[in-house]
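Colleague: The primary structure of each chain is shown beneath.
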Amino acid sequence: MKFWRVPLDTEQIVVTRGVVHIIEERCKGCGYCIDYCPRGVLEASSRFNNRGYHPPVAKQPDLCVNCHYCEAVCPDFAIYSVEAAAQSISEHPVK
Amino acid sequence: MEPAVLTGEHFLNGDVACAEGALAAGCRFFAGYPITPATEIAEHMSKRLPGVGGVFIQMEDEISAMAAIIGASCAGVKSMTATSGPGFSLMMENIGLGIAMETPCVLVNVQRAGPSTGLPTLGAQGDMMQARWGSHGHYEIIALSPCSPQEIFYQTITAFNLSETYRIPVLIMADEIVGHLAERVIIPQSSKISLQSRPRAKGRKDRFKPFHPGANGVAPMAHAGEGYMVHFTGLTHDERGYPAMTADAQAEMIERITGKIQRNLDKIIQVERYRLEDADIALVSYGISSRSSLAAVDEARERGVKAGLLRLITVWPFPEQIVRELAKRVKRFITVELNLGQIHLEVQRCAEGRAPCLLVGHAGGAVITPEDIVKKILEQT
Amino acid sequence: MNGSTAPKHPLDGLLRTDRIPHIWCPGCGIGTVFSSSLIAISSTGKDPANTAVVSGIGCSGRGAGYVNLDSYHTTHGRAIPFATGMKLANPELTVVVFSGDGDLFAIGGNHFIHAARRNMDLTVICVNNLNYGMTGGQAAATTPHLAKTSTTPRGNPESPFNLPLLAYASGATYIARWTMLHTRDLTQSITEALTRTGFSFIEVLAPCPTGYGRKNRLKATDMLKIYQEKAMVKNGINPAETILDLEHGITLGKFVEYDRPTYAENYKAVCGE
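Residue numbers (our numbering), protein chains in the order written: chain R, -18 to 76; chain S, 108 to 488; chain B, 2 to 274.
Wrong hints could be hidden among the right ones.
As the list claims (entries may be wrong) - Short derived list, chain B residues pointing at chain S, Cβ under 8 Å:
| # | residue |
| --- | --- |
| 1 | T18 |
| 2 | K47 |
| 3 | N51 |
| 4 | N69 |
| 5 | L70 |
| 6 | H74 |
| 7 | T75 |
| 8 | R79 |
| 9 | P82 |
| 10 | G86 |
| 11 | H115 |
| 12 | Y259 |
| 13 | D260 |
Said to hold, decoys possible - Below are the PhoX-like pairs computed for lysine-lysine, each with C-alpha atoms no more than 25 Å apart in a straight line:
| # | chain 1 | residue 1 | chain 2 | residue 2 |
| --- | --- | --- | --- | --- |
| 14 | B | K269 | B | K149 |
| 15 | B | K220 | B | K231 |
| 16 | B | K226 | R | K40 |
| 17 | S | K309 | B | K9 |
| 18 | R | K40 | B | K9 |
| 19 | S | K312 | B | K47 |
| 20 | S | K154 | B | K269 |
These are calculated hints, taken from the structure and not from any lab test. Computed from a predicted model, the values in this text were never measured in an experiment. Positions of the beta carbon are idealized from the N, C-alpha and C atoms, including for glycine.
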């Protein structure tokens, strides 16, 4: 993350990071996870799953903050995130 | 706690005797809706159940009453409801649910004259075919028909035992006359009452299949809360209870729910034979009409006609084999019932043309008298 | 980083995974409501063996078939009385009714009001998709006035129920309404409902893109945008003042929570033992 003035506590603040997992064969391609990811991590992939839908793919995986919203909004139990090692806010990538 | 079995000699009407039979059989949940002439069963259960650790609930209609007793049974409690014609019609859909979910429960129909509101306070036996085929789809059902308060007491116990043994809703097809007739009822000691319980699930919970039949064709049952994580549905389902939308699955399920009854007919069917050994004329009757028939047999014998009575205790499954055998040696059948020919049709079917089948029927609202029957017997000899 | 090596969804333990994928259409919101319900069930910390799910008939009614708990898929409209019998027979059970608006409020409406009146200790989750989805999008008791469905091709001449108000008037002691987008509030409401005693009712709006959506030219994502834009969270508001109007606003929130004796408590107090 870029700052025009670096806060004094930058070194102490950590940003939760997540890894998003996609169970492609369960996906029905509704796109809710893509539309409602607050960090814009996901996009529709160009490939088809075995049911003929385009499952999502993490185009910017590093942006995931493990908020679990994709997991909560997915009607098909096809996506979830798990916590990854936290990183300091200054290292955190910009959306 | 009060005693569940009121051992002793009582003067009870059929409705109250039925309720006492249910309590003696271990019924601890009753859901009902008031309807003449079955209301006294609900009233008596509302009075008695709290004292024996049971629950009574008056539901908003008969549909919910039937749903509630199936729900209670799925949680492991013996349950019952009671109604009459209009309510019986409303219960039909959930009788099918009980059959598909193979859930034990008992439903009492104290029959009054129909169709529609009919004669609420007067008896009939017009729901006999509805009892057999009233819910949609093909299935087997067990229905008993009591002829007295004493008999309804015992039949209610039998109904629970059969429903538990075969995991099936059992119907008690009483009538207004038996329901409201007060007579001596002897209630035995509880140790003299033999009770059956449904076969229960055991073994590995993750491998349990709630509809996998046991030795007698009946699957052991797991109750809600036991950790078997069962699924029950009214959809056609496989042995796991999972919906299976194919003709093969349908055939398999129907075979399961009908086969367990058909393969145990000898254990299920009960009849009473009265002076049938040498009879030329076999009366076939059940419920209140069978009492008139009994008197008619004696009267006819006094007049030199060899009459006998086949009294159906179990009406469904119909005692086909017994009627077939009789058809080989009697000269005619006369079915006596408070409708214009329902069980009569079954007798005709099973007689297979070997003996003429006559009917002493009545549209309902009165009892058939022994004289009516004797007249028919004499007309034909 | 989107590693999909042997992925196991956190809710798989509560799912009959051998029955997934489920029958719900792409974009149907029932799965999301179902997911929130499962999260709530697991977050109560109660023994899952003591939780039973009862459904009626319809798309939402299929919920019981996917949950790896004791689950009962009953007849149309009759989930609540079935659940009533089950709860009274075994008071230790937590009994959840998961069903749809058509099932619970048209064919089953009478059972709903009476169970609420009795304060039967049940959690009733109603997925409201504004129409009958399973049969192809017919008008329901919740379909907005003038909305098009396959049985109201000229627009719905009828008016819908206000479900929170109906529940309140009937005696429900916990009433909330959310949309399937408000997953965290929804999960919290279901958790609260599961951990309290009394009749709890949670209405959840969910899109039916195949039925209602197609007839009213609303894609699933359009419906979600409406939820987002028209939502007004008003916790504690009188249910009589709540609205559900896709043009003017959708009142959401936890509207009612109070205590009064349940049927079982009253039965014990009055009938004794």
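Colleague: Checked against the structure, which of the hints given earlier come out wrong?
Modeller: Violated hints (numbers, rising): 1, 2, 12, 13, 14, 17; every other hint is consistent with the structure.
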